[in-house]
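Line order of the protein sequences matches chains A and B. Heads up, the first sequence is in numbering that gives the first Met the number 0, so the first residue is 0 and it goes up one at a time. Heads up, the second sequence is in numbering that gives the first Met the number 0, so the first residue is 0 and it goes up one at a time.
It should be emphasised that the hints constitute simulated quantities derived from the structure, not laboratory data. Mixed in with the good hints there might be a few duds.
[Stated by the list, open to error] Here are the simulated EDC-like pairs of lysine to aspartate or glutamate, each with C-alpha atoms no more than 16 Å apart in a straight line: (1) A:LYS12 to B:ASP87; (2) A:LYS80 to B:ASP105; (3) A:LYS80 to B:GLU99; (4) B:LYS170 to B:GLU111; (5) B:LYS153 to B:ASP105; (6) A:LYS12 to B:ASP198; (7) B:LYS137 to B:ASP198; (8) A:LYS319 to B:GLU99; (9) A:LYS12 to B:GLU111; (10) A:LYS164 to A:GLU126; (11) A:LYS79 to B:GLU99.
The structure presented is a predicted model; accordingly, all values stated were derived computationally and were not measured.
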Amino acid sequence: MIRVYAIAINTFKEAVRNRVLYVLLFFSVLIMLGAWVASTLSIDQESVILRNLGVGAINIISLLIAVFVGIGLVYNDLDKKTIYTIISKPISRWQFLLGKYLGLLLTISVNVLVMTCIFAAVLNFREFVSDDNLIKGITTTDASGGVIYKGIFAHVLYYVASLFKAIIFGVWHILSLGYDGVAITKGLFTTSMLTIVEMSIITAFGVLFSSFSTPILSAFLTVIVFVIGRLDVSLYLFAQQMFEQAGRDMNNLSGGKQVAYYFATGAAYICPNLEVFNYRKNIAEMMDISVPPIDIAYGLLYATFVMVVAVMIFNRRNFK
Amino acid sequence: MAAVIEINGLSKTYVQDFIGVEHGRLKIRFKNRSRTALRPLDLTVQEGEIFGLLGPNGAGKTTTIKILMGLHFPTSGGARIMGKPLGDNSVKAKIGFMPENAHFYDYLTGFEFLDYYGQLYGMPKEVRRKRIPELLEKVGLGHAGELPLRGYSKGMQQRVGLAQSLLNDPKIVFLDEPQSGLDPFGRKEVRDLILSLRDAGKTVFFSSHILQDAELICDRVAILHKGQRIALGPLSEMLSAKVKEYEVAFSDAEGNLLEHAQQKAKRFVQRPNEYLAMFEREEDARALVQEILGGRAKLNSFIARKETLEEYFIREIETKQREENAAAVAGGAA
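One chain only, chain A, in its complex shape (with noise of 0.2 Å):
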């Protein structure tokens, strides 16, 4: 175990010096400023729009993680031969795989921490320069009871204050784990475990299709099974539809209907059930969120049985 922890450890420094995760980084503070500009234009819907493009964020960008870094690490191993010294010393393949997965889940967790301090940031600046506490911030009342404003350093310094403040609030409101009682970014610790569960089983898929294919394919197959199992039960509704209105007899459809009847049935079970890890409307709607514990054992076992796969898979492989 301590051979798999060494391999792990290392993958993730090998990723935190990763250029590309801080390009994503960016671009997840990028979206979120955005989603706030976005928010602004609809006038009684800001903090819905907010919420749902923030979490969705947090959400995307963990994905591309998953398929550009952790591919990408996985494949360079393989591809400039390092795996050669690593497979020779006393590590069984199962090891070094596993190794990389906790690693590479290792790095999305904290990216996904890291992510959601930044939403929590951007949701407590949002309440912080709100109109009213904008006033209240850079205006003083004189002896006769006129508005006075304190002038255009007051009003830059309220805003970085309200920065400052932010960024403080929002590690806290997450690190402390106070979610929960924090109206405003409620639920928000919640979705992001949740999130890191749904990464779990995507990661392993990365794994999996990069034990036996090239970095472009495996990625393109990886980011298929997420948008597939995002429409997992679409998927398996639109084929019973289907199915029903051919009278449930498969005579009644044509040949082209009884492929895609196939097609979306044998997707929708082989492909994980991503949805049940989806909370993005109750995190807009700053509804309660309650996750049945069967639906983290689901994410869990389905990943345990994806990396078994890929074990067996990598098994078997002559190192090019």
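Put chain B on the given structure of chain A with help from the hints.
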């Protein structure tokens, strides 16, 4: 001496089954092309010897080593290292391996890199702390332990590769082309290191296409050509029996000595200050030397030129090639 590596009928045929994107196109191929990299190979390496696996590029040297290291699986046959089957972790703990042109994590410093690999061996921290600086010193990187690998020259990369193969103080060291890409000085250092490993009681199994280097240090060699073993044995036996020619160098010749020499010699060369006569038969050469020693000239040198490994190698491979061509022609005629 006990056999530490036993290779029995090891063969490898690569079949191309491939799903992936190549040159921007999705390609799917299933087992429609195959290439035999290794025909059944038998070899035994004894404890404490330096064994050279030699052959031109594509002869199957690296394939053999990859199979021994558990990186590839043989198509048929098998091998045992220290009596255990391939891929056994207890064996891997006692061997070292340096692949050809491997790339290591270049963001790590030399020390960090070896420390990481030490963890893969399950070495405790105190042992790593003590062993790594010693090793860095041994491979001549004592000054570079704190530099990241990305700043290392090719020679330094090779040395750190060697260092990682010696981390666990292995009983057998496998080196794949340890001298490729090194300058003459670096090659000599690697040779010296291999000899010092042997002196420390280790077995060294290495592959090379640089024959001069192999000739200087190997106890026994096997020569591979197109996946087939075409020679195996101690270097001394392979080469000693074959004196290629006798060379007599002399000067200040008197009388008809020059004519005698020219008549008998296979080749005769006149240099500014001396004559060189090359003979195929020892008697002819002896006769000339006796004449010279009779006081009719000054003897400068008398050498029995042995065949070099390189000449042996080329001759064996050319013979093989001719046989194959003949077989092909015969096959074509039939």
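How the hints compare with the structure:
Between the alpha carbons of LYS12 (chain A) and ASP87 (chain B) the distance comes to roughly 29 Å, so the proposed pair goes past 16 Å and is violated. Our distance criterion of 16 Å between C-alpha atoms is met by LYS80 (chain A) and ASP105 (chain B), whose separation comes to about 13 Å. For the given pair, LYS80 (chain A) sits about 9 Å from GLU99 (chain B) by alpha-carbon distance, which is consistent with the 16 Å threshold. Between the alpha carbons of LYS170 (chain B) and GLU111 (chain B) the distance comes to roughly 24 Å, so the proposed pair goes past 16 Å and is violated.
For the hint pairing LYS153 (chain B) with ASP105 (chain B), the CA-to-CA distance comes to about 12 Å; that is within 16 Å, so the pair holds. Restraint check for LYS12 (chain A) and ASP198 (chain B): the C-alpha separation of about 39 Å exceeds 16 Å, so the hint is violated. The straight-line distance between the Cα atoms of LYS137 (chain B) and ASP198 (chain B) is roughly 15 Å, inside the 16 Å bound, and the hint therefore holds. Restraint check: the Cα-Cα separation between LYS319 (chain A) and GLU99 (chain B) comes to about 13 Å, which is no more than 16 Å; the hinted pair holds.
Note on LYS12 (chain A) and GLU111 (chain B): the hinted pairing holds, with a Cα-Cα distance of about 12 Å set against a maximum of 16 Å. Of the pairs offered as hints, the one joining LYS164 (chain A) and GLU126 (chain A) holds, with about 11 Å between alpha carbons and a cut-off of 16 Å not exceeded. As the CA atoms of LYS79 (chain A) and GLU99 (chain B) are separated by approximately 11 Å, the hinted pair is consistent with the 16 Å bound.
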